[in-house]
Amino acid sequence: MSEQSEALEILHRVERGELKADEALLRLKLAPFDDLGFAKVDHHRSLRQGTSEVIYGAGKTPEQIAAIAGNMLSRGQKAVLITRMSRETADFVGAKLALTYDPLSKIGRIGPLPEPGGVGTVVVLTAGTSDLPVAEEAAQTAEFLGNRVERLYDVGVAGIHRLLAHTDSIMRATVIIAIAGMEGAIASVVGGLADCPVIAVPTSVGYGAAFGGLAALLSMLNSCASGVSVVNIDNGFGAGYLANMINHVGEKLQ
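Residue numbers (this note's numbering): 82 to 335.
Nothing false has been slipped in among the hints.
Taking lysine to aspartate or glutamate pairs in the EDC-like style, the calculated list, with each CA pair at most 20 Å apart, reads:
| no. | residue 1 | residue 2 |
| --- | --- | --- |
| 1 | K141 | E169 |
| 2 | K159 | D123 |
| 3 | K121 | E144 |
| 4 | K159 | E196 |
| 5 | K141 | D123 |
| 6 | K159 | E134 |
| 7 | K159 | E224 |
| 8 | K141 | D116 |
| 9 | K101 | E90 |
| 10 | K141 | D115 |
| 11 | K121 | E134 |
| 12 | K159 | D115 |
| 13 | K177 | E144 |
| 14 | K141 | D172 |
| 15 | K141 | D183 |
Label pairs and their computed distance ranges (CB to CB):
| no. | residue 1 | residue 2 | range |
| --- | --- | --- | --- |
| 16 | Y137 | A179 | 16 to 26 Å |
| 17 | G157 | L107 | 15 to 25 Å |
| 18 | S250 | R129 | 32 to 42 Å |
What the hints contain is simulated information worked out from the structure, not anything from laboratory work. Beta carbons: idealized from backbone N, C-alpha and C, even for Gly.
Required output: the full structure, derived from the provided sequences and hints.
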């Protein structure tokens, strides 16, 4: 029985008077998961949080990822997102399931992308080309979750005119993901131009004193521009997920 079928059965029981509303709500929130031994697959996360579980691929064997993804699909999940997936794992899973793999972002996807929704557009921009793996993880996560995404790459402060050439896109955005290594200055600059939330993502790109992204992280945390929030170093997935939540807040209020 799929996640939606189980939820519908609970609602029918409420309709027939067999179940109290507060008890039904508790069951929907705390419904069972599938225990695979090495993983407990949460099939009701989308009912609680609006988004199904995503597989973090790093540290998992190809066999484990294939089993988890297969379990999700068998329970009615239409699409599965896998992050930090190696080429070796992608080849193994792709031989068993219809996988689309991007080696740059290390994102794997099974199933179709949804039609874009949300209030507006998520703009993903990078200071440099070296930040593209993190940027594509963010962009493809946002697209998987149902957002229109515009990419502005290699527009860092070393050539500020490149960024200013896209002022219209920055002004129209509903949420901006600003990605940079080195000193991470682009987050403050974009934060001073935009009237929407800015999600800053420090990357581990940079020379020795960048300390693997720590310099950019601290710079972004100390941004003097209002409206800038920061996720962890190289956390493109976290930025894309948060951008999706921001872009869809308006739909909940309607």
